[in-house]
Amino acid sequence: DGGITQSPKYLFRKEGQNVTLSCEQNLNHDAMYWYRQDPGQGLRLIYYSQIVNDFQKGDIAEGYSVSREKKESFPLTVTSAQKNPTAFYLCASSKDSVNTEAFFGQGTRLTVV
Amino acid sequence: GQQVMQIPQYQHVQEGEDFTTYCNSSTTLSNIQWYKQRPGGHPVFLIQLVKSGEVKKQKRLTFQFGEAKKNSSLHITATQTTDVGTYFCAGPSLNQAGTALIFGKGTTLSVSS
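Sequences listed follow chains A and V, in order. FYI, in the working numbering the residues of the first sequence are -18 to 94. FYI, in the working numbering the residues of the second sequence are 98 to 210.
Any given hint could turn out to be false.
[Unchecked claim] No more than 30 Å apart at the CA atoms, straight line, and that leaves these computed lysine-lysine pairs for DSS-like:
| # | chain 1 | residue 1 | chain 2 | residue 2 |
| --- | --- | --- | --- | --- |
| 1 | V | 156 | V | 167 |
| 2 | A | -5 | A | 38 |
| 3 | V | 154 | A | 38 |
| 4 | V | 202 | V | 156 |
| 5 | A | 76 | V | 202 |
| 6 | A | 76 | V | 148 |
| 7 | V | 133 | A | 76 |
| 8 | V | 167 | A | 38 |
| 9 | V | 133 | A | -10 |
| 10 | A | -10 | V | 202 |
| 11 | A | 52 | V | 133 |
| 12 | V | 133 | V | 154 |
| 13 | V | 167 | A | 76 |
| 14 | V | 133 | V | 153 |
| 15 | V | 167 | V | 154 |
| 16 | A | 76 | V | 154 |
| 17 | V | 202 | V | 153 |
| 18 | A | 76 | V | 156 |
| 19 | A | 64 | V | 202 |
| 20 | A | 38 | A | -10 |
| 21 | A | 76 | V | 153 |
| 22 | V | 133 | A | 38 |
None of these hints come from the bench; they were simulated from the model.
Sequences are here, hints too, so could you generate the full structure?
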C-alpha cells in the first residue's frame, strides 16, 4: 500500500526542547517537502528536497532543520530557536519537484507548552 | 518573492448555490494545481492545468487557467455539503536554489443545508 506516512499524529513538547517529526514515503518520489499550516495562513514552505543528500530552505526555514539521507525519508527537526513552533506540520512528496501532483501525509499537530 | 494569492479567504453559501475561488500569481506559471483539504484532513490533489486558457471539468467543478498563465479559478456549480473544505491553488516558485511548489492561503468554503 503506497503512500506517505507522518508520525506521530499529535506531539506535545516542552518549550526549549528540540523535536523531530518523521516523514516516510514508499512512492519512489524524488521530491519531498515540509509545510507549516496555521489558521488563515495557508501552507507555508519550510524546506524542500529534490534529491537525496540535497535540500533547500523555503520561506520560513528559521528554527528548523532537515536531512535527506535516504530517498524515502525526510525528517524535520523543530529546534528551540523556532519562536512559535505550535502548528500543524504537513509533509508531501512528488515524482518531480513541481510538475506532478503532490501527495500529503496525514500531518503532525505539534503543541509546545 | 513570488506570491500566489487567493480570494476570497472565506465563503459561505446555501446548498445549491454556486461558488468561485480565484487565484493570482505575481509571475507567469508553468502550471497550476488545485487541492482540497477537508476539515481535520490533509490536502488532496484535484487537478493540474498546464496550457494557456485551459478549462477542465470534474463533474460540478470547473477549473480555468488564464490566457497569461498568471491566474486561475475554480467554480463549483450547485454546491453540496460534501464540498465543504479549504481549496488551495499551488504553483511553482523559482528561487536561487531550485523550484518548489508554493500554495495560496486558500479559500474556506462552508455550506449550509
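**Report entry** Numbered hints the structure breaks, given as an ascending list
**Finding:** 3
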